[in-house]
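Top to bottom, those sequences are chains X and V. So in the working numbering, spot 834 of the first sequence is number 834, and the numbers just go up one at a time. So in the working numbering, spot 25 of the second sequence is number 25, and the numbers just go up one at a time.
Calculated from the structure, these hints are not laboratory results. It is possible that some hints are incorrect.
To be verified - Here are some of the chain V residues that sit facing chain X, going by a computed Cβ distance under 10 Å:
no.	residue
1	Glu34
2	Asp36
3	Ile39
4	Leu68
5	Leu85
From the three backbone atoms N, C-alpha and C, an ideal C-beta is built for every residue, glycine too.
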Amino acid sequence: MGAIPRPVWLVAALATTFLLGAPQIAHARPSQQVPVGARALGMGGAFCSIADDATALYWNPAGLPFIGHQEITGSHADLFNSGIVDNLAAFVLPLSPHQAAAIDWYHSGFQDTELDFGENRIDLSYGHRINSLVSVGATMKYLTRKTALDGSTVRNGGGLGFDLGVIATPIDRLRAALVAQDFTNTKVKYTGGDGTAVAFPRNIRAGISYGLRRDLTVAFDADDRWHAGAEYRLLDLLSLRAGLQNDWSGPDGMTWSAGLGIKWGVLRFDYALVDHPTLGSTSHFGVTLAFNFNPSQIRIEKVEARDLYASLYKTYSRDPFGTIRIRNMDDSPIATKIRVFVPDLMSVPSEQDVILRPRASQEVPMTAVFSDRVLGERGDRPVQVQVSATYQSRRLPRTEKSTGRCVTYGPGAIDWGAGVSQAAAFVTTRDPAVDAFARDATRTAALMGGVSASNRNLTFTAAIFDALSVLGVTYVPDPNNPYSTISATPRAVDTVSYPRETLARRTGDCDDTSVLLAALLGNVGIATKLVDVPGHLFLLVDTGIHARNQLALGLDESRYVVVGDEIWIPLETTALGKGFAEGWRVGADSYAAWSGRGRLALVDIAEASSKYEPADLGGAPPSIPALDTSALEARVKQDLATMGTWRHDFLESRYGEVEKNLEATPEALNAVARVYFLAGKLDEARTTLERAQAKSPNSPQTRNNLANVYAAQGNLGPAIDLYEAAVKGDESDAGLWLNLGLVRYVSGDSLGAEEPLAQGVTRSGGYLEACRLLGLAPEVEPTREGTQRMTAEEARILLKAALKRVPRPGTGVPRKDSASTNAVRRESTWTSRIAAGRSAGEAALQDLLYWRER
Amino acid sequence: MGCRLARASLVLIGGVILVASSRAVAAEDPHQAECDLGIALALEGQPAQAESVFISLLSHSPRDSRALTNLGNLHLLRGETEVALTFYGQAGATDSMDAGIVLNEATALLLLGDEEAAQERARLGMRMAGGALSAASLLGLRYEGPETEAAKGAERTYLSKEEVLALLRAAAGHVPADSAKAAGTAGSAGRTQLKKRAPVWRSAGPRASEGEDSAALVYWKR
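Work the whole structure out from these sequences, hints included.
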């Protein structure tokens, strides 16, 4: 079983505790403590899991470490307009980043001309955040109660009580809490023999809260009642709250509450109205002073943000869109966490850790992770960039804040001043609209019959280019901001359409259509480059052909470009509608013209995309009409035919003379046939030699070699006839005689073999030379006359026997066997490797035959 | 002024040398156009016409290693690997210094399933070429993706670029470290110096660069 992640485990445990505990909580004795704090009460008392202000002493002391600064708070209420006043003063002091202590004084009382009742309570709390998941806290309270009637004390007493609390943060923005208030049943011991009474019975409270958004929190608490509430914060200045609570069961109706908080510098004012169904409503007022006595050690001197372009939002997570200048005024380095947040454009602040050098000011690049909703921006508007720097100031964390301003531009806007590479951010290869269109176009080309194009890249490019024409996509210069003008104007903002937009609109200027075509081609794996020339953009398309194989195109060098080791073709989208071939022609002309002037730059889309990552466009892609495949087929065929014409013209102009002088000489055909023969392709060898024979019927070379093929195929009769004819044609060639002898022998005519073999040995110059002619090493073995097969050894014996009939030079006496042990080796080539299987032991006849090369 | 004059003179001299050398090349090799035509036809997918041209080249220039190599390539593309090997053998016998012919043999042997012999030839070819990069360039290759297993088992007519690259990489790992030519690849088995392309996302639909036949993967001798 795999390990369960700790946060998940913790959430499950807390949820189980909460659910199992709710019934017990529901049946607990009612709490008799009066809840405090205008903020908490505005949320219906659903606050024990939030508890991040000075009222945490009451709600949950485990919340104290979350406060992070010193805080003084005071509150006042006239409960139900009954004259019972309720006052609180509290102070929180963080002891370290993970610990905090707090004290408060609470008073509740009623006073009129006869009755004077008062309750005072002092609470001392401590909270400790054990780790990022769990925080715990405890409160010790001392309670006094006094009742007087007509100025005389009737009852007076005091007692101690304790609270315990825990908060868990299993996942970001989720908190769960459990609090045991007065878990020892806080008692009051009265003086004067009035005994002891339970003032506050034990109360178990569980709660959970979740930040739905950064500015919206919802919470739920359960004790003897249930409590639900929500708080919405607007720009950290204004908070709106609402809540409701009720008994789990009972006659009372729902208690509604609402409240608001206003933050003004270090001060916060809170108000809550709690409307009890039977007792009436109560107004709670609160004021809080949040401060930090630690002197600031760093200062954010300047926040400088450049304009933000929604289309480049992914880029800003790596490439800074501004700088933050921060000064460290201390004598030691300070580790600082810098947060950058742009409201509305980001879900959470982006954080980075930097070490600030002592007594120095340094520039920190400003990066940010923007959410996809930035693509929902329309037009341009100024935005505030919020920057905070949090660091450890002596014992406590401290945060410095600053803001900057910039302008954010909606999707499509771009400043070409930062380079044409930015266009890669618009090449949305993965867009479903692009994917569907590219697939339709290339599928049509792939299934198209009657077309043979050797280069798939070119065929698919033609298909996609023509598909755009069929759809009706045309080049139309932007009347308001023509690229030629805007690209030359510093800091001018242009608009580029995403490919899906151009497909839907069916018009675009050079940047729109180039981006569209690059995306479609990229979708089918064809690389592109943008060609940046003054006032214009067009494309280079990868043919996938290595520069070494440029002849594969069969086109004039002016029609293509070698970049790196590859062949690219220029493609001009201004010719959309005129066909791929025309787009290519115009592109090649433009490229040549600008290249000649040295005013041309290339931007590789794949490389640029790694920096300017294309956006993930959400939402449903626009509806694009289905392609008219028959029209597309017709266009592609026309373009491929045009390319064929170019190719023909080129080959004609460059190689026309060569083509006129092509020939196949018998010698060349014999050479080719020999390769077939050695590779065992006897039919091909025969066909080739028959061609040679047709050209030169009496050639001894062709006759001999063709006879070899016949012999190898077992047609010994025709072979012998051809050898005999060959010998007649050239009696001086010993090899022809040897072949004739060998084949006669193999056919069973050993007597008829003797003469030609003897002739062969004689004319070759001896036994060794004869062996060499046949590629043999001289050795001895028995014979197998007439078996239609022959081993190398048999051939040697035959040659030796033939040698005995050859007179010694000058004497007329036949010579003795003078076999040498010197091995005669064939040339070591792959050819001989292939033949090796046949030349050993069970060699076929064909391995012994002499092949005439000239 | 003097500087301009010197520059102009240099350009003029360079031009003269260029023209002279090109003429010299043309004079030395009257059959180059014939060879180029054959390659153009072969790469365009007209093997029969290409074969005629190469046979013509062989007619005009007997035992021409270009004709023999390229005829071998044509047979390799037809799936007649043994015939191709025989042509390469003949070509290699004529021009034993050409690394491209040896690499073609390696490719053919790989297609035959003789991986061991293929690696041996590829190793030799790479050493003769001066390293993996030069060898890849001879074959018209560029690095595009991860390695795949080299060809094994039965004969095939299809060979991916990755397989040839894997072959070349494996061969590179066996090039002696003290080989001056192989310095770029010494001790770098599986770590070639080949240029790696940025990854490009592609759809699951038809892809232009997929299923490429071996036409562009063999060495066409010019």
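Hint by hint, here is what the structure shows:
Here the hint on Glu34 of chain V is kept, as its CB sits about 5 Å from the closest CB of chain X, short of 10 Å. Hint status for Asp36 of chain V: holds, given a least beta-carbon distance of 6 Å to chain X, under 10 Å. Interface restraint check for Ile39 of chain V: the shortest CB-CB distance to chain X comes to about 5 Å, inside 10 Å, so the restraint holds. Look at Leu68 of chain V: its Cβ gets to within about 8 Å of chain X, closer than 10 Å, so that hint holds up.
Because the smallest distance between the Cβ of Leu85 of chain V and any Cβ of chain X comes to about 5 Å, under 10 Å, the interface hint for this residue holds.
Checked against the numbered hints given earlier, the structure satisfies every one of them.
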